[in-house]
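**Q** Each chain, letter by letter, is given below.
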Amino acid sequence: MLLDCPSLKAISKIGGLHQMLGLHGYSFAAVPRDSLLCLPNCDGTNKIGASFETPCGRMLIKSAEYMKMISSLKPNIWASLADEVPAWTSEKRNRTSVDRTVQWLDDCIALDPADGGAVFGAIVGGSSVGERSRCAQEVSRRNVSGYWIGGFGLGESMDERPALLNAVTDVLPEEKPRQICGIGLPEEVLQGVAAGIDLFDSTYIYHLTLGGFALTFQMDRSKEHVPSYQLSKIGSDNAKINLRATIYRKDTSPIVDGCSCYTCQNHTRAYINHLLNVHEMLAQILLEIHNTHHYLGFFRLIREAIKEGKFELFCQKFIQTRRGHLVEAAVCA
Amino acid sequence: MPVGTQGTIKGLTTNQLEEIGCQIVLGNTYHLALRPTSELIDELGGLHKFMNWPRALLTDSGGFQMVSLLHLADITEEGVTFQSPVDGKPMLLTPEESIQIQNRIGADIIMALDDVVKTTITGPRIEEAMYRTLRWIDRCIAAHKRPSEQNLFGIVQGGLDPVLRDKCVRGLVHRNLPGYAIGGLAGGEDKDSFWRVVAQCTAALPEDKPRYVMGVGYPLDIVVCSALGADMYDCVYPTRTARFGTALIPEGVLKLKHTAMADDVRPIDPTCNCMVCKNYTRAYIHCLVTKDAMGSQLLSYHNLYYMMKLGRDLHTSIIQGCFPEFVCGFLQKMFPKGDVPEWVCNAMEVAGIDISSCCAPFSSS
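Quick note, the sequences are listed as chains V and A, same order.
Following full-length UniProt numbering, the residues of the first sequence are numbered contiguously, the last one being 333.
Following full-length UniProt numbering, the residues of the second sequence are numbered contiguously, the last one being 365.
Honestly, the hints are just simulated from the structure, not real lab data.
Fair warning: this is a prediction, and the values are worked out from it, not measured in the lab.
Don't take every hint at face value.
[Said to hold, decoys possible] If the Cβ cut is set under 8 angstroms, some of the chain A residues that face chain V in the computed set are:
no.	residue
1	Thr8
2	Lys10
3	Thr13
4	Glu43
5	Phe50
6	Val265
7	Tyr280
8	Tyr284
Virtual Cβ for every residue (Gly too), placed ideally from N, Cα, C.
Input sequences plus hints: build the corresponding full structure.
**A** Now the structure itself:
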């Protein structure tokens, strides 16, 4: 959205995001960071605004400009402007990012048009448990509808993440939704859910599709999945298969047996393999349909497990099946 | 017939093609034989099954692609010799081989291998090509293993020479084929010569069999050829022009990349009922066509919808007995000032269609 095409004027004329994209039945959340085309650039960010690297060059966005975009787009939810820093920044820079982000939240709220949709307060703090907690406390004091947790997926390790996440979620009121950016792998999602995150946005599916991968991890909680070492040699594993591989040339089965997505109901692995080989756009379309469907199914399973009070068991089983594959691969190697 | 070169119309699902009202899709034998190979397609049950396309398919002979795509392709009595694009080995596509490949791919309509020559070429080569096409049709017929499942169409050649064209038509009609194509056009010849060849062929071909003008084309060309008695067409134009950001509309074309589109919140064509025109604005598509593959996908959808509707409307107007009125309406929208090109006027006169109401009188020069 920061790419100025279409112009804000045009978007307003059209009537906002829902109209422009023709997706009336869906909710939209507007966030400043898009991990593909709009990456936070912490060196450029200063007290005037947040800096982003985009295909059109570096852009510095002030709160006022940001709020103009929001009122044009008319999303259902929007996150306040944040100063996201990677995991290795200095303490001082980290502290500044928290101060700035809170200040910008206040600026954005002040500029919020009456019908502006629900505001999610941005929470940063890098890899400092203390700063994360401080930021969360400050933001929770403001009148917001939910929380957007930024600064993840920017270099921290999976091991240090739970502590950082908990530092934030422990402080936040339970009844307000929490959204996180930059966390996409199934195991990472489980980490996030365990810490109390409700909404996730990431580029995981996008990158899978681009690479010609299709998600295949077990969705049926009753079946036992048998991992295969042969698959891992071609970049496939328990979670996904690489449809560019020649073993799929004559495979007339769907990506996942029993999957109800358009791709699996209508097409075979062999056909997608062919499309990938001849560089046809339809390959990405079909893969994106399946991957999105499969991924959303994963979230549905998580919700069911939570409802049944079996979330921890679900996590353990899921991680186990993944580890089982790695163990077998290690043994065979 | 949209062209689904490699077993897909670029960016559209078979579901969308059905939605648009597409009845038949063309697949290119040359490309499919290269990848994934006709043997693999055969093994997996034929192209219909491979692509999951429940309607009709037509494959061309492979000859044209070879001649136009390959550097060192050459035509001899045996067949088309060329260098394999995979490993550079000399290869030969004979009429027999072309039919066998098409038998394996399994399309409903298959095309004979013809000796196709550009209409811009003159001299004895054209005559040689015409006679060779007749000799090859016999070899194609003999090699065809599935005549009750696949319809073999012959292709009329002969350049722009009416005598040669006539001989070729007679020769093919004599073989009593399920359908006939008019080939060797749409290659750069002037429009005046183009329509005359079509008119001559359609006049001589049997009335109860389909006539397929290969490589045509622009909406205007399709309207003219239909007036002259043709039934089927194939062209990459709608989908290719979509990928360059151009949409087909009744007035002609709309270039979505133009800066004026950036603020235009109307649909591509306010009179169009397709999914794209019902949901998206020119401003949004303008953005996409310069940055995202989805731009060309949406335009392909709209352009194909436009072409399918044109075909349907032509068909309906014939059945309802108002074909001339439809043609006039079409021309009026495309040439609001009445400046209908002379070749169109001449062709319509020969076709017996009165379009005087939409032509401005010619200024005397």
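**Q** Quick check on Thr13 of chain A please, does its C-beta sit within 8 angstroms of some C-beta on chain V?
**A** Hint on Thr13 of chain A: holds, closest Cβ of chain V at ~7 angstroms, below 8 angstroms.
**Q** Take the shortest C-beta to C-beta distance between Lys10 of chain A and chain V; is it under 8 angstroms?
**A** Holds, about 6 angstroms.
**Q** Identify whether the interface hint at Thr8 of chain A stands, where standing means a beta carbon of chain V within less than 8 angstroms of its own.
**A** Holds - the Cβ of Thr8 of chain A comes within 8 angstroms of chain V, reaching about 5 angstroms at its closest.
**Q** Hint validation: Tyr280 of chain A versus chain V, beta carbon distance must be below 8 angstroms. Holds or violated?
**A** Constraint on Tyr280 of chain A satisfied, holds at 6 angstroms.
**Q** Is the shortest C-beta separation between Val265 of chain A and chain V less than 8 angstroms?
**A** 5 angstroms, holds
**Q** Using the nearest Cβ pair, does Glu43 of chain A come within less than 8 angstroms of chain V?
**A** OK, holds: Glu43 of chain A within 8 angstroms of chain V, min 7 angstroms.
**Q** Quick one, is the Tyr284 of chain A hint okay against chain V at 8 angstroms, beta carbons?
**A** 5 angstroms, holds
**Q** Checking hints one by one. Is Phe50 of chain A an interface residue toward chain V, by the C-beta closer than 8 angstroms rule?
**A** 6 angstroms, holds
In terms of the numbered hints stated before, the structure departs from none.
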